[in-house]
Each structure stands twice: as C-alpha cells, then as structure tokens.
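Engineer: Residue numbers (this note's numbering), protein chains in the order written: chain A, 1 to 333; chain B, 1 to 333.
By construction, these hints were calculated from the structure, which means they are not laboratory data. Careful, some of the hints might be misleading.
Just so you know, same-sequence chains aren't split out, so a pair can sit in one copy or run between any two.
[Claimed, not checked] Mimicking SDA-like on lysine to any residue, the simulated pairs with C-alpha atoms at most 25 Å apart in a straight line are:
{"no.": "1", "residue 1": "K33", "residue 2": "E160"}
{"no.": "2", "residue 1": "K294", "residue 2": "I167"}
{"no.": "3", "residue 1": "K33", "residue 2": "M162"}
{"no.": "4", "residue 1": "K276", "residue 2": "V165"}
{"no.": "5", "residue 1": "K16", "residue 2": "Y41"}
{"no.": "6", "residue 1": "K259", "residue 2": "D237"}
{"no.": "7", "residue 1": "K48", "residue 2": "F224"}
{"no.": "8", "residue 1": "K33", "residue 2": "D199"}
{"no.": "9", "residue 1": "K140", "residue 2": "G26"}
{"no.": "10", "residue 1": "K33", "residue 2": "P168"}
{"no.": "11", "residue 1": "K242", "residue 2": "Q278"}
{"no.": "12", "residue 1": "K16", "residue 2": "D291"}
{"no.": "13", "residue 1": "K140", "residue 2": "A193"}
{"no.": "14", "residue 1": "K33", "residue 2": "I147"}
{"no.": "15", "residue 1": "K33", "residue 2": "K259"}
So you can see what is in the structure, the chains are spelled out below.
Protein chains: 2
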Amino acid sequence: MPNRNLLSMHSIENYKTVFEQYLSQGHFTQEPKGLYEPVNYILRVGGKRLRPLLALMGYHVFADDFRQALPVAMAVELFHNFSLIHDDIMDEAPLRRGIPTVHSHFGLNSGILSGDVMLIYAQQYLLDAGDAPLSARLLKSFNRCAIQVCEGQQWDVDFERMDAVTIPQYLRMIEYKTAVLLACSLEMGAMTAGASDADLHHLYEFGRKLGIAFQLQDDLLDSFGNAEKFGKKVGGDIVRNKKTFLILKALELANPADKADLLHLMNTPTNNEQTKIQEVTTLLRQLNVPDLAKEERNLYHRQAIAHLDQVAVPDARKLTLYELAEFLLDRDL
Amino acid sequence: MPNRNLLSMHSIENYKTVFEQYLSQGHFTQEPKGLYEPVNYILRVGGKRLRPLLALMGYHVFADDFRQALPVAMAVELFHNFSLIHDDIMDEAPLRRGIPTVHSHFGLNSGILSGDVMLIYAQQYLLDAGDAPLSARLLKSFNRCAIQVCEGQQWDVDFERMDAVTIPQYLRMIEYKTAVLLACSLEMGAMTAGASDADLHHLYEFGRKLGIAFQLQDDLLDSFGNAEKFGKKVGGDIVRNKKTFLILKALELANPADKADLLHLMNTPTNNEQTKIQEVTTLLRQLNVPDLAKEERNLYHRQAIAHLDQVAVPDARKLTLYELAEFLLDRDL
C-alpha cells in the first residue's frame with residue numbers, strides 16, 4: 001500500500017468530467033429518432049459512471065494520455081446501460097435513479113430495440129478503439145465478459161425460483177452479473193495503454209475481487225444501511241425475498257427453529273413491510289450475519305488490494321485506484 | 001449470364017447439409033440451461049438457412065474449401081435468429097414456422113436474454129473466424145449491417161403509426177430490415193476467401209438488390225400467392241393493414257374516390273377478413289398494382305444479376321448464385 005499522503009495525479013472527479021464532456025459531444029443524433037432517443041435518454045440520466053472511469057483509470061496506470069481510452073470507456077458505459085434497460089424490463093422496474101425506466105417511458109419495444117443497438121455500438125466503439133490486433137484483444141475480453149453478464153442475469157432469475165441456493169453459487173452469480181464488467185473495464189483500459197499480460201491479470205483480478213466486495217457491501221447496505229446516505233429505501237431486498245448473501249448465510253447457520261422462522265417470514269405475504277424488515281434484520285443480527293458478511297467483504301477487498309499491489313508500476317500511478325477501492329467500500333453502514 | 005447447362009459445383013442442398021452438420025455439433029451445451037435452451041430451440045427449428053448458405057456460397061465463389069466460412073455462416077444465422085426472437089416479442093407473434101415462438105414457449109425474459117446472448121455469440125464467431133485483420137474487417141461489415149437491421153425494424157414500427165409513408169422510405173426500410181443481412185452474409189463469406197474490394201462491392205450489391213427483390217416478391221405472395229405453395233395464409237398483410245409496396249403504390253396511383261375506399265377499408269375494423277382481402281385485392285388489381293410490383297421486383301432482380309455478372313471470376317464459380325437468385329424469385333404467384 002502506498003503512502004496515503006501522496007497526491008493522486010488526477011482526482012476521480014477529473015476522469016468523470018472528461019468522460020461527461022466526451023459523452024456530451026452528441027453521439028446518437030441520427031435517424032430514426034425512435035431508436036436513438038431512448039439511447040440518449042438513458043445516457044443522460046447519468047449515475048456514477050463507474051465503468052468508464054475504471055477504463056480511463058486502467059489506461060492511466062500505464063500511460064499518460066488517458067483520453068485514448070475514451071472509446072473503451074464509451075463501450076463499457078453503452079454495454080452497462082444496455083444491460084440496465086433489458087434488466088429493468090425483466091424486473092418490471094418502473095423507475096431507475098428516480099426517473100422512469102426506458103421501457104416505462106418509451107414502451108417495451110423501444111426498450112428491447114434500443115438496448116440491442118447499444119450492444120452493437122459498444123462493439124463498434126471497441127472496434128474503433130485501436131488497430132486490428134488491439135481491437136481483437138479488446139473484443140475477446142469484452143465478449144467473454146458480456147456472455148458472463150448474461151449468464152449471471154439468468155442465474156439471478158433462476159435463483160428466485162430455486163429453493164436451495166448455495167453461497168458459492170451466489171458468489172458466482174454476483175461475480176458474473178456485476179464484478180466481471182468492472183474487471184473488464186479496467187483490463188481493456190490497460191490493454192489500450194499497452195500493459196503487460198501479468199499486469200493485465202492483476203488489474204483484472206483487482207477489479208473482479210473489488211466488484212464482489214462491492215456487491216456484498218450493497219447487500220449489507222440494503223438491509224442495514226443508513227437510508228439517508230444509502231440513497232434508496234432500506235429493506236428492499238428483504239421485502240422482495242431476495243436470496244442475498246445475508247439470507248443464504250442465515251439459512252446456513254440457523255438452527256432448525258430459526259430456519260423455519262426465516263423461511264416462514266420469506267414465504268408469507270405480508271401487509272406490514274416494516275414489521276417484516278424488522279423481524280428479518282433482528283434474526284440476521286442474532287445470527288451475527290452482518291459481521292460475517294463484513295468479514296467476507298473485507299476478505300475480497302484485501303484480495304483485491306493484494307492484486308493491485310502486484311501491478312508493476314510506481315505506487316503513484318495506482319493511487320487513484322487505491323482511493324477508489326476505499327471510497328467504494330467506505331459507504332455508511 | 002452463364003450457360004444454364006453448366007453443372008454447378010455444389011448444389012444448394014449440399015451447402016445446407018454441411019451447415020446443418022456443423023450446427024448439430026453442439027454449440028450451446030453449457031450452463032445455465034435457462035439461457036441456452038432457447039438458443040438451441042430456435043436454432044433447431046430450422047428454416048431455409050438462407051443467410052449461412054450465402055456466407056458459404058460467397059466464400060466458394062473465390063476459394064474451394066468453403067468450410068472455412070462456417071464460423072461466418074454461424075454468426076449470421078445467430079444474428080438472424082436473435083432478430084427473429086426480439087421481433088417476435090415486439091410483434092407479439094405466438095407462432096413461427098408453425099411452432100411457438102421463443103417468448104411464447106420460454107417467457108418474455110428468456111426471449112430478451114437469450115436473444116442478447118446470441119447477438120454476443122454472433123460477434124464472437126466472427127472474432128474467431130480468422131486472424132485479427134480479417135476479424136476486424138468482418139466485424140466492421142457486420143456491425144454496420146446489424147445497426148441497419150435495428151434501424152429498419154424501428155422504421156417498420158414507425159410506419160405503422162405514420163399516415164403517409166413514401167415508396168422510397170418503404171424501400172429503404174426493407175433494404176435495412178431484410179436485404180443488408182443477405183448482402184453482408186455474402187460479403188463476409190467472400191472476405192474470408194480473400195476476395196478483392198471490387199468483387200466484394202459487386203457481391204454485396206448483388207445481395208442487397210436481390211434482398212429487395214425478394215421482399216417485394218414476398219409482398220406479392222402475401223396478397224396474391226398460391227396459399228398452398230406459399231406455405232402461409234394469403235392476405236395476412238391486408239388483414240393487418242400493413243403498408244406494403246402494394247398498398248403504397250395503390251395510394252399513389254388511386255383517384256380520390258379509390259383512395260378514400262382503400263383508406264376506409266384499412267381503417268375500419270371488420271369481422272369478415274375474407275371480404276376485406278377480396279375487396280382490397282380487387283382494388284389493387286384494378287390499379288394494375290401487381291404488375292407494377294412485378295416490374296419493380298424485376299428491376300431489382302436485373303440490377304442484382306448485373307452486379308453478379310461483374311464479379312471477376314469464371315462463370316462456373318458463380319453458377320450456384322445465379323441459380324439461387326432464380327430460385328428465390330421463382331415462387332408461385
């Protein structure tokens with residue numbers, strides 16, 4: 001770990017500003033409007049822009065002119081938003097980030113078709129990101145990741161109907177659905193800067209482990225977070241009976257009576273959500289599940305940092321990534 | 001045009017057999033089953049396999065070992081079936097080729113997600129189809145085509161709600177929605193065989209013009225075909241008030257009274273489909289629309305053949321493509 005007092009070369013905000021400027025240059029102004037308006041709609045909604053930032057930072061670890069990674073950054077942002085649009089249809093979600101989802105606003109057909117075209121454009125941006133050998137390497141990494149994201153989404157859907165989901169199955173699901181795209185964003189940024197295979201491996205693993213830690217953190221925040229700082233309603237996973245790490249750990253540890261109680265709470269429709277949330281969180285606390293989840297999260301976080309440590313560049317070049325890792329896991333519990 | 005008595009080097013059926021064998025080798029056997037079963041389901045349904053055949057034939061115009069184009073053939077078949085799955089959702093179609101569509105059989109979510117993964121695999125097959133420079137060229141051609149297919153689908157949707165659609169707009173829609181994928185299949189096959197840029201251009205244009213002719217033929221068959229030989233119910237476009245070339249031409253040519261009649265027929269719900277079909281086809285015949293549509297079809301067909309003539313290889317190498325062009329437009333009217 002580097003000296004925390006070193007100044008990072010670029011703050012996280014700086015990368016974001018550069019990406020937002022690039023995005024605002026008008027990429028999807030062509031006809032037919034019905035196809036491209038939803039693309040601009042979801043891209044304008046914003047968000048953390050975590051994946052494009054990772055692409056730019058992955059480049060910047062190895063070379064200075066990180067704007068070279070903007071097409072890669074665009075590709076991962078397009079892919080991420082494609083998957084949000086299609087996932088929101090599958091989840092029948094009316095809102096995202098406080099505004100209507102694409103399919104609620106433009107209709108189901110627009111959601112499907114505009115998502116499709118974003119997936120194709122993601123590939124096209126990667127094809128334009130460098131010469132043929134680089135593009136081929138980027139696309140190989142990207143396709144593997146994109147397939148895993150689909151597989152992760154399918155597992156997530158499957159788990160809703162399955163009685164017994166194991167913790168390794170759950171961890172693989174969140175790895176595929178969330179973590180690999182973070183890893184791939186870093187890797188493709190670094191690839192564009194000409195990083196070595198060994199460095200690419202460690203940066204990918206840093207992203208993958210960090211992504212899993214990040215999702216475990218999200219599970220914790222959803223049930224035990226400070227609603228105000230978390231930014232969304234606490235207890236949503238519990239109300240929707242989602243089989244998160246917390247629930248799966250509780251089912252693993254509980255004695256037969258507690259297990260029966262928990263399953264009863266999950267399988268019984270209720271009009272009183274607050275009572276259900278309270279009863280489930282009380283049970284989880286009794287079983288020490290929040291602390292065990294924090295331990296698991298910290299384990300992945302430490303593994304992530306160990307991989308970042310092994311990326312063979314001066315610490316100063318990695319400082320923003322250390323900071324980002326801290327920032328992502330430092331949200332209020 | 002070559003001497004029709006020359007024997008083609010490979011019959012159309014031979015290409016199909018080779019592709020079906022390749023397809024049956026088990027490409028999507030992995031987990032999660034819920035994601036890949038729909039992929040295998042739609043690939044097994046079969047159909048003409050027109051696009052993969054064009055890829056193999058495009059290769060075979062320039063080089064002998066056309067099996068080298070099997071990954072390209074697979075890519076275009078995957079892409080075509082991806083677009084069928086998503087289009088069937090948008091059209092709320094319960095059946096395709098006489099069996100339940102993917103979303104009717106497996107549900108909406110499976111239709112969306114399995115379609116997505118097929119689009120990604122299409123790209124991956126192209127990435128594996130050759131070395132990096134070839135892959136990059138294939139993907140550039142493919143992405144342009146894939147984007148146009150999405151745009152064509154959007155226009156098709158838009159046209160349903162538009163009062164005035166022009167014939168040039170309609171022709172561009174069918175070009176994008178149908179013809180460019182036929183052109184791209186031929187082009188990518190030929191690219192894999194190392195064809196020159198001039199030959200690629202003429203082969204692409206042959207496919208594009210043929211595709212437009214093919215769709216005009218389809219419009220004709222839908223309203224004036226022999227139901228038994230056409231293989232689907234005649235008059236479907238008329239019942240669904242689809243703005244085909246026939247209708248647009250009729251609206252262009254009709255005097256105010258006939259135009260009012262036709263619009264009235266299209267805008268009035270009816271319980272008697274047969275009467276509506278009869279009244280519309282009678283009006284189309286009075287306006288000489290079937291013959292005008294045949295002329296338009298023949299124009300595109302001739303232009304297609306003129307491009308094929310210019311592909312700079314001995315006629316014997318192009319014979320199957322001449323045969324295919326004849327075969328596609330020789331269905332019963």
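Engineer: State for each hint whether it applies.
Structural biologist: Going down the list of hints, with the structure as the test:
Only between protomers do K33 and E160 lie at most 25 Å apart by alpha-carbon distance; the minimum there is 15 Å, versus 37 Å within a single protomer. In this homomeric assembly, K294 and I167 come within 25 Å of each other (Cα to Cα) only inside a single copy, at 15 Å, whereas the closest approach across copies is 64 Å. Taking CA atoms no more than 25 Å apart as the test, K33 paired with M162 passes between copies only; the shortest distance there is 14 Å, against 41 Å inside one copy. Proximity of K276 and V165 under a CA criterion of 25 Å is satisfied intra-copy only: 22 Å inside one chain copy versus 56 Å between copies.
Within a single copy, K16 and Y41 get their C-alpha atoms as close as 19 Å, which meets the 25 Å cut-off; across copies the closest is 44 Å, which misses it. With identical chains, the CA atoms of K259 and D237 are at most 25 Å apart within one copy only, with a shortest distance of 18 Å there and 58 Å across copies. In this homomeric assembly, K48 and F224 come within 25 Å of each other (Cα to Cα) only inside a single copy, at 22 Å, whereas the closest approach across copies is 56 Å. Proximity of K33 and D199 under a CA criterion of 25 Å is satisfied in neither setting, with 43 Å inside one chain copy and 35 Å between copies.
When the C-alpha separation of K140 and G26 is checked against a cutoff of 25 Å, the pair qualifies only between copies, where the shortest distance is 21 Å, while the shortest distance within a copy is 28 Å. Taking the shortest Cα distances, K33 and P168 sit within 25 Å of each other only across copies (18 Å), while inside one copy they are farther apart (44 Å). Taking CA atoms no more than 25 Å apart as the test, K242 paired with Q278 passes inside one copy only; the shortest distance there is 16 Å, against 56 Å between copies. Proximity of K16 to D291 under the C-alpha cut-off of 25 Å is found in neither arrangement, the shortest distances being 33 Å within a copy and 60 Å between copies.
For a Cα distance limit of 25 Å, the shortest separation of K140 from A193 qualifies both inside one copy, at 17 Å, and across copies, at 23 Å. For the identical chains of this complex, K33 and I147 are inter-copy neighbours only, at 14 Å across copies versus 29 Å inside a copy, given an alpha-carbon limit of 25 Å. Within a single copy, K33 and K259 get their C-alpha atoms no closer than 53 Å, and across copies no closer than 30 Å, so neither meets the 25 Å cut-off.
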